[in-house]
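In order, the protein sequences belong to chains A and B.
Just add 690 to the spot in the first sequence (first one is 1) and you have the working numbering.
Just add 29 to the spot in the second sequence (first one is 1) and you have the working numbering.
To be clear, the hints were calculated from the coordinates, so they are not data collected in a lab.
Bear in mind that the values here come from a model prediction, so they are computed numbers and not experimental data.
Please note that a few of the clues may not be correct.
As the list claims (entries may be wrong) - Computed beta-carbon distance windows for the label pairs:
(1) A:Pro-704 - B:Lys-135: 37 to 45 Å
(2) A:Gly-716 - B:Asn-121: 26 to 34 Å
(3) B:Ser-106 - A:Thr-749: 37 to 45 Å
To be verified - Partner residues aside, some chain B positions facing chain A, computed with beta carbon under 10 Å:
(4) Asp-46
(5) Arg-47
(6) Tyr-59
(7) Asn-63
(8) Gln-67
(9) Lys-68
(10) Leu-75
(11) Tyr-79
(12) Ser-82
(13) Gln-84
(14) Ser-89
(15) Phe-91
(16) Tyr-116
(17) Tyr-118
(18) Phe-126
(19) Gly-129
Every residue gets a Cβ at the ideal spot worked out from N, C-alpha and C, and that includes glycine.
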Amino acid sequence: QVTLKESGPGILQPSHTLSLTCSFSGFSLSTYGMGVSWIRQPSGKGLEWLASIWWNGNTYNNPSLKSRLTVSKDTSNNQAFLKVTSVDTADTATYYCAHTLYYGYTVLYFDYWGQGVMVTVSS
Amino acid sequence: DIQMTQSPSLLSASVGDRVTLSCKASQNIYKYLNWYQQKLGEAPKLLIYYTNSLQTGIPSRFSGSGSGTDFTLTISSLQPEDVATYYCYQYNSGYTFGAGTKLELK
Chain A
691 QVTLKESGPG ILQPSHTLSL TCSFSGFSLS TYGMGVSWIR QPSGKGLEWL
741 ASIWWNGNTY NNPSLKSRLT VSKDTSNNQA FLKVTSVDTA DTATYYCAHT
791 LYYGYTVLYF DYWGQGVMVT VSS
Chain B
30 DIQMTQSPSL LSASVGDRVT LSCKASQNIY KYLNWYQQKL GEAPKLLIYY
80 TNSLQTGIPS RFSGSGSGTD FTLTISSLQP EDVATYYCYQ YNSGYTFGAG
130 TKLELK
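Next comes chain A alone, as it looks inside the complex (with noise of 0.2 Å):
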């Protein structure tokens, strides 16, 4: 059975970075085709893909963002981790994490997702 788990600070000060750790279990980030995904998803409205990296390592961000954006893994202990620098009040969001499955060259869809932690960003 597969499940994620998000944590992270809860709040954090404008101009800070925020660090946010996917917990998983159920499968392994170094079999082919696997990745965690990171989205996120202001209150109320809807959600914005962030970050994506897979089980050789390749990750893949937002452009939108730019290079604010850092995901990393730690493959023996089934953790991922996101790192946002800079923040802002436009950053308050709930951020989920999410097994992400890729196969046959054209199937890719996160079918897992965590529960999400609220992540409020205020002075």
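For chain A, the structure is supplied; the task is to place chain B on it using the hints.
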């Protein structure tokens, strides 16, 4: 960047209705499109992947179709538990969600 436009933004329908939700891409995304359902207070759930493949465990009243720039999610007979916001998502070039269609009961 590929933009995804969903319509309508709000849809009211009755139990038993056939419901059609639209998603349009700003450029050709072939069939690289998924649909997600999000109920209030919950994480999104994958319904349909690669345009028309039903995810395991999803009721057969949900179906997807389309290719290129125009895509559709159809609920053949609306049930009360289908009240949710539905998002399309493309992965042909970058990964982009649509803004969502909120489905409510009339």
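Hints breached by this structure: 4, 5, 9, 14, 15
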